[in-house]
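Participant: The listed protein sequences correspond, in order, to chains V and E.
Using the working numbering, read the first sequence as starting at 1374 and increasing by one per residue.
Using the working numbering, read the second sequence as starting at 1374 and increasing by one per residue.
Bear in mind the hints are in silico, worked out from the structure with no lab data behind them.
Being a predicted model, the structure only gives us computed values, none of them experimental.
Treat the hints with care, as some may be off.
[Claimed, not checked] Keeping only pairs whose Cα atoms sit at most 27 Å apart, straight-line, the calculated DSS-like set for lysine-lysine is:
# : chain 1 : residue 1 : chain 2 : residue 2
1 : E       : Lys1561   : E       : Lys1648
2 : V       : Lys1530   : V       : Lys1561
3 : V       : Lys1530   : V       : Lys1648
4 : V       : Lys1617   : V       : Lys1604
5 : V       : Lys1648   : E       : Lys1648
6 : V       : Lys1706   : E       : Lys1648
7 : E       : Lys1617   : E       : Lys1604
8 : V       : Lys1648   : V       : Lys1706
9 : E       : Lys1561   : V       : Lys1648
Protein chains: 2
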Amino acid sequence: MTQQTTEPRYDVIAIGNAIVDVMAPCSEELLEELGLAKGGMTLVDAARAEELYAAMGPAREISGGSAANTLAGLSALGAQCAFIGQVADDQLGAVFAHDIRAVGIDFDTPPRQDDPPTARCLIFVTPDAQRTMNTFLGASQFLPPSTLDAEAVGAAKILYLEGYLWDPEEPRAAMRRAIEAARAAGRKVAFTLSEVFVIDRHGDDFRALIDDGLIDILFANHLELAALTGKDTLDAGIAALQDKVPTLVVTRSAEGAVAVHDGQRAEVPAEPIDKVVDTTGAGDLFAAGFLYGYVREESLETCLRRGAIAACEIISHYGARTEADLSRLMDDKLG
Amino acid sequence: MTQQTTEPRYDVIAIGNAIVDVMAPCSEELLEELGLAKGGMTLVDAARAEELYAAMGPAREISGGSAANTLAGLSALGAQCAFIGQVADDQLGAVFAHDIRAVGIDFDTPPRQDDPPTARCLIFVTPDAQRTMNTFLGASQFLPPSTLDAEAVGAAKILYLEGYLWDPEEPRAAMRRAIEAARAAGRKVAFTLSEVFVIDRHGDDFRALIDDGLIDILFANHLELAALTGKDTLDAGIAALQDKVPTLVVTRSAEGAVAVHDGQRAEVPAEPIDKVVDTTGAGDLFAAGFLYGYVREESLETCLRRGAIAACEIISHYGARTEADLSRLMDDKLG
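Just need the whole structure built from these sequences, with the hints factored in.
Facilitator: This is how it looks when you write it as structure tokens:
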């Protein structure tokens, strides 16, 4: 492994989908009528996106994107961050760029001039606060590997990659190049598996990355852990990975989270919450809290607790971008 | 006055700005730094809109527009409504059109092909829940009088007009034509004064409309009443108008509202509320509640109470489009 040559300029640099979320409350009946699989994420084409939008109630637009949400949380906590992702040169692209820069994140990927438009995610939120996501990837899938700023990647303590974006070809190539750049500079690579369907399609790639020792920090929920390892139980899944991944973080929704770092294991319960409003972004913000502790070299348990606190904040309101003063919230809760 | 020839198809048809609100929390210090007059609405050009947006924190986009908000409230209560307003053929125009149609409002004004883009209102919300609005009128100001559907106007019990839109020339001409169409069909004309600066610019027009007996229902807040009548006190302002306007409704923020109808006067206090989050749309939703009672020929006091309940709902959350089941809320509160 190459030695780190310069002081890192960023705590975390991320590559992810540049998406604006279009969110509306929705009844269980409407979900069924539209044939949507509750709780999941489905990629949709432009025609299906139009069809779903037409069936959706009045909505609100809030910037989203899994890795971008994570960075927004990190930035709110005081971390220095940069984002790489592709928007189109249109109004939703301007909205995405504004919102990510407004929280102090460097975002220099130039907007793409041609069709398709900026990515959007149509999110139906049922009364039980579950979100059902339908993503039209639009411009996001055309992130060109050629524009990847390897210098910037090498200047961040952690490169954070979003599994969702492994699906389209160009961003996948960009992420492979970014992993090389990060490793060459002696930085850490963090990866979130994002969704079971991504593992169904690209599990072989992910297992190869892990076997090659290219992933330092892996985020998975319990379903993704099972899909990746083929193991039925949490402990068997963890056992299958813990010697290959230096830091493994598994979130378990209301059952809390567990992490294993260099053979040491820690667990935390979910934070208590009065009313869950919208679970969009829970995993993204968990990663934000965890990584914030990680770059500060805090204990594994503190990292997990930060993750749980950030996730708890995000599910208390609509949207996957943090609304509270996260730093203060954590100071209060961690004492 | 011409006799009504057909059964009305709509309860209310409105002409207003077709605007998407771009809302963000904001500190008192930032307001001052940006030179914004707290609590007011200012028209801004594209350059100033860009400048303010750049200074704004991460935002959310929610459809707005004063009269459109009123219709959304009316529609949520079960009234049949139609909206006339100009969007551009762009993403924010599609958002506006989606959101207004999604609540069951007829909206047939074709999008405008050329620049400028769809109107947006940059709303800075301070911790005291006050909103400071900066409107870039964009396409909204080019509503062509020629596209006005006089038949549709004549088919609504009430034509509702937004004072904000009196400022640009084309919509003003469209609204004058709509007043003629409504009067010719024997319908009622309702008008909201919107803002003191509108009265400063167009008070003579408004007073002439009133003197000519063309306004059946007038909505004003206490400041607008003073600006229009030149009278210092609420009672003097009301006295100056009550013989010229069959139904006069004056809202007084936390002090409630008063209405005078054919010499009869009624008053209601503001509805009790735990926490005011964002006052955007309070006046718009008051008008919605009041008009809903009016078209059902309820008592003046019930109309006012419906206004107060709708206003109370809207200030309990971000955005000027209703989120609760307004009908049920009113049934609960009105018993």
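Participant: None of the hints should be skipped; say for each whether it holds.
Facilitator: Against the structure, the hints:
Our distance criterion of 27 Å between C-alpha atoms is broken by lysine 1561 of chain E and lysine 1648 of chain E, whose separation comes to about 36 Å. With a C-alpha separation of about 6 Å, the suggested pair lysine 1530 of chain V and lysine 1561 of chain V falls inside the 27 Å cut-off, and the hint holds. Annotation: proposed proximity of lysine 1530 of chain V to lysine 1648 of chain V is violated, straight-line Cα distance about 36 Å (limit 27 Å). With a C-alpha separation of about 16 Å, the suggested pairing of lysine 1617 of chain V with lysine 1604 of chain V holds against the 27 Å cut-off.
Restraint check for lysine 1648 of chain V and lysine 1648 of chain E: satisfied, since their Cα atoms lie roughly 17 Å apart, inside the 27 Å limit. A C-alpha spacing of about 24 Å is found between lysine 1706 of chain V and lysine 1648 of chain E, which places the hinted pair at or below 27 Å, so the restraint holds. Of the supplied pair hints, the one linking lysine 1617 of chain E and lysine 1604 of chain E holds, its CA atoms being roughly 16 Å apart against a limit of 27 Å. This hinted pair checks out: lysine 1648 of chain V and lysine 1706 of chain V have alpha carbons roughly 18 Å apart, not beyond 27 Å.
A C-alpha spacing of about 45 Å is found between lysine 1561 of chain E and lysine 1648 of chain V, which places the hinted pair above 27 Å, so the restraint is violated.
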